[in-house]
Structure formats: C-alpha cells, structure tokens
Amino acid sequence: MKRTAITAMLLLIATFVFAAEVEVGAKAPGFTLANAVNGANVAFKPGDGKLSVVVFTCNQCPYAKAFEQRIVDLGRDYAKRGVVFYAIDSNDEAQYSIESASEMKSRATEQHYPFPYLKDGDSRIARAYGARVTPHIFVVDGTGTVRYRGYVDDSAKTSERKHEGLRDALDSLLAGKAVDVTATRAFGCTIKFKS
Amino acid sequence: MPALIAALLLLAPLNDVQNVTDVLHAFRPASRVRVVSVWATWCAPCVAEIGDVQAISDRFHDQGVEVIGVSLDDMIPGERATTKANLAKFLEQRHVRFRNVYFTGRAPELAEELRFDGSIPITIVFDENGHELLRNEGPLDKNWFTKQLETLIAKRRSSK
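These protein sequence lines map, in sequence, to chains A and B. So that you can map any letter, position 61 of the first sequence is 61 in our numbering, and since no number is skipped, the others follow by simple counting. So that you can map any letter, position 107 of the second sequence is 107 in our numbering, and since no number is skipped, the others follow by simple counting.
Please keep in mind that the hints were generated in silico from the structure rather than gathered at the bench. Source: prediction; values computed, not measured. Positions of the beta carbon are idealized from the N, C-alpha and C atoms, including for glycine. Please note: incorrect hints may appear among the correct ones.
Over the 12 Å line for every Cβ pair with chain B, so calculated as not near, a few chain A residues [said to hold, decoys possible]:
1. VAL37
2. ASN38
3. ALA43
4. VAL83
5. LYS105
6. HIS112
7. GLY130
8. THR134
9. ASP153
10. VAL179
Think about it this way: if two alpha-carbon atoms lie no more than 27 Å apart in a straight line, the pair counts; the simulated BS3-like pairs of lysine-lysine are [claimed, not checked]:
11. LYS105(A) to LYS80(A)
12. LYS50(A) to LYS177(A)
13. LYS157(A) to LYS194(A)
14. LYS80(A) to LYS194(A)
15. LYS157(A) to LYS80(A)
16. LYS162(A) to LYS194(A)
17. LYS50(A) to LYS27(A)
18. LYS157(A) to LYS142(B)
19. LYS84(B) to LYS162(A)
20. LYS194(A) to LYS45(A)
21. LYS194(A) to LYS142(B)
22. LYS157(A) to LYS89(B)
To give an idea of the chain B side of the interface with chain A (calculated C-beta under 7 Å), a few residues [claimed, not checked]:
23. PRO13
24. LEU114
25. ASP117
26. SER119
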C-alpha cells in the first residue's frame, strides 16, 4: 500500500514535471531575443507560415557540443527547404561566464552557425517551452503548433544512431505527412536557469 | 571501510550495462537497499556531488545499502577504451570506492526507463526486488537524502 502510494506520488511528480514541457499540438510561445552574433533582435512569431525549429543549446555542455555539428548541418540543409532554425542559450551567464553573449558570438562564429544564436538571459523562453536540458528541440509548423519535441537523435554517436527524431519530423512535415514519433525524451545537461 | 575492501573496489572493472535490468543485476544479492547514481564526468553538477555520494556509501554500507554509479561517459563520441580508461583514472583520483558500471545503451531510453527528465545527476533507491523506494532528481541533497535513507532503513527493520 505504502509502495503504491509512493509510486503514485512519483508518477504525479513526473507528470507535473513533464507537463511543463510544451505539448505537441499546443501553440508554441513566441519570443524576441538578441542575436549574440550581431546584437540584432530576432523575433519568432508562431503562425508566421514557416516551419521552424527552436533549439535550446549552450556553449559548455559536452553533450550539446556533441550534437552541435549535427544541428549546424541540419540547419544549413533544411534552410534550403525553407525551414528556420533558432538556437537559444538560456543558461545563466552569472553562473557560467562561458554562456555570455560574447562567448556565444565566438562559438557561433567559429562553428559557422547558419542560424541566429539567441541569448535568453533570464531563461524566460526556456521556462515558457518547458525546456530542461541541452540540446532540447521543438519543431513548430507554419500555424504555430508544436509538432515535435525532444532529442535531435537518440545517440550522439553516428554509428549507434537508430532514430533521427528531428530529421524525421522535418521530412514528414515538409512532405505534408503526419510525424510518426512526435515526442521523445530529450537528454543532456540541465539548463542552468537564471533564478 | 577496511583497506582491503577499498582496494578491491578500486580494482573493480567498469562492467558494461545497457539498460536498467543490467544495472539492477549488478548489485550484490545481499544488498537490501540499492542506490543507483546516474552521472558522468562531463556533467559538472555530477562531478560536484561525487564526494557526497561516496559519503552516503560510506555512511550506510554496513546497513545493507549498496551504491552503484552508472556512468554515462560513453554518451559523448570518442573511443570507448580511452573514455573508460579516463573514467577509471577519474574515479581513482577522486578516491571513489563505490562501484561503477559503464552505460553503453541510449541515454534517452535510460531516461524513459527510469522516468526522469533527461538531465543528470539523478539518484534512485530500489529495494532488493527492483521496486523504487526513493529518488533525488538533480544535484544530491545530502542531508535530505541521508535522513530519507535512515527513515527507510528503520522502517524496513521494524517491518521485518
């Protein structure tokens, strides 16, 4: 009985935690954030008619860095098909100076990011999306509806990859088809939220 | 902990595990309370808490509690033997005596199996039958976790 109660409580907690993540089928939160590369504001207005990818990532997380080239390649490839990528760093730079706008600019420049690298200094946008880790992906269709959330792929190792979550979602949506796997478990470093 | 046991633990191999079943099978049969600490050397909060995890192991190992660390170091691309050697070196340098296993499966699948949000560290306590008793998500709250374990052990003793 006691064990059942504990399990039920844990399930409730888990439900609460994961409910914070924007659900597939829900309207995506919009934002206007400064691009660390040039200081210009970039606005994402869900429902702008464009298929968009919101990527929560950062500078210091080794797991995020392991996916960095993959995300850059996907961003470059799918831009040709009209998909817009937004990379967002929501880590608190007061805790980790490597997450400052100047460090972000250096990283984006060195790694040739083909998309804006946006500073979410107060972590507000990560909270709005319920993003928990880096990397954490949200795919938003032209109507502003979240159509996929979760990981980029199920392994950072190319040879061990079984499921390409982000690519599959984009290919399906671009083909006008339903996404087979709409939600996966993002894994990575905890976002260091601004308190 | 007797020096001989400590030395033997330092020499314990980093056995590969691929899922939660493998992890739970890694515990000694006599261990009645099984603490799983999921971590990686590339995870700063995990590295920061490893001394506390060792302290928990030291504090409770005479009371039927066994701690096993599940290293997710393999999740970062690299040559496995090198990564494993670096992990072993890290454990030695940090004087980590609780046993560790080396996860070679897929991290998102482990997160699904253990029902956590995909971020580490996380510490989960199981009984000898694999039923979950307790969890600490995020950095280990040592004082809270110690009290919870004390309560848990006392209750299990009184229910025998």
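Comparing the hints with the structure gives:
The non-interface label for VAL37(A) is consistent with chain B: the shortest C-beta to C-beta separation is roughly 26 Å, beyond 12 Å. Its beta-carbon lying about 30 Å from the closest one in chain B, ASN38(A) satisfies the requirement of being farther than 12 Å from that chain. With a minimum CB-CB distance of about 29 Å to chain B, ALA43(A) clears the 12 Å threshold, and the non-interface call stands. With 12 Å as the threshold on Cβ separation, the claim that VAL83(A) sits away from chain B holds: the shortest Cβ distance comes to roughly 23 Å.
Listed as a non-interface residue, LYS105(A) keeps its Cβ farther than 12 Å from every Cβ of chain B; the least gap is roughly 23 Å. With a closest Cβ-Cβ approach of about 19 Å to chain B, HIS112(A) is found to remain outside the 12 Å limit, as its non-interface label requires. With a closest Cβ-Cβ approach of about 10 Å to chain B, GLY130(A) is found to fall inside the 12 Å limit, against its non-interface label. The beta carbon of THR134(A) sits about 9 Å from the closest Cβ of chain B, which is not more than 12 Å, so the claim that it is off the interface is violated.
Listed as outside the interface, ASP153(A) is inconsistent with that label: its C-beta sits roughly 9 Å from the nearest C-beta of chain B, within the 12 Å cut-off. Interface exclusion of VAL179(A) from chain B stands, the closest Cβ pair being 17 Å apart, more than 12 Å. The suggested pairing of LYS105(A) with LYS80(A) holds, with an alpha-carbon distance near 24 Å, which does not exceed 27 Å. The straight-line distance between the Cα atoms of LYS50(A) and LYS177(A) is roughly 16 Å, inside the 27 Å bound, and the hint therefore holds.
Our distance criterion of 27 Å between C-alpha atoms is broken by LYS157(A) and LYS194(A), whose separation comes to about 31 Å. With a C-alpha separation of about 35 Å, the suggested pairing of LYS80(A) with LYS194(A) is violated against the 27 Å cut-off. With a C-alpha separation of about 26 Å, the suggested pairing of LYS157(A) with LYS80(A) holds against the 27 Å cut-off. With a C-alpha separation of about 35 Å, the suggested pair LYS162(A) and LYS194(A) falls outside the 27 Å cut-off, and the hint is violated.
Between LYS50(A) and LYS27(A) the alpha-carbon distance is near 14 Å, which keeps this suggested pair within the 27 Å criterion. With a C-alpha separation of about 34 Å, the suggested pairing of LYS157(A) with LYS142(B) is violated against the 27 Å cut-off. A hinted pair counts as satisfied when its Cα atoms are at most 27 Å apart, and LYS84(B) with LYS162(A) qualifies at roughly 23 Å. A C-alpha spacing of about 24 Å is found between LYS194(A) and LYS45(A), which places the hinted pair at or below 27 Å, so the restraint holds.
For a cut-off of 27 Å, the pair hint linking LYS194(A) to LYS142(B) stands: about 23 Å separates their Cα positions. Note on LYS157(A) and LYS89(B): the hinted pairing holds, with a Cα-Cα distance of about 23 Å set against a maximum of 27 Å. Taking 7 Å as the C-beta contact cut-off toward chain A, the hint placing PRO13(B) at the interface is violated, the least distance being around 22 Å. Because the beta carbon of LEU114(B) sits about 10 Å from the nearest beta carbon in chain A, more than 7 Å, this interface hint is broken.
Given hint, ASP117(B) at the interface with chain A, holds; its Cβ is 5 Å from that chain's nearest Cβ, closer than 7 Å. A cut of 7 Å between beta carbons decides the hint on SER119(B): the least distance to chain A is about 4 Å, and the hint holds.
Hints 7, 8, 9, 13, 14, 16, 18, 23, 24 from the list above are not met by this structure, while the remaining hints are.
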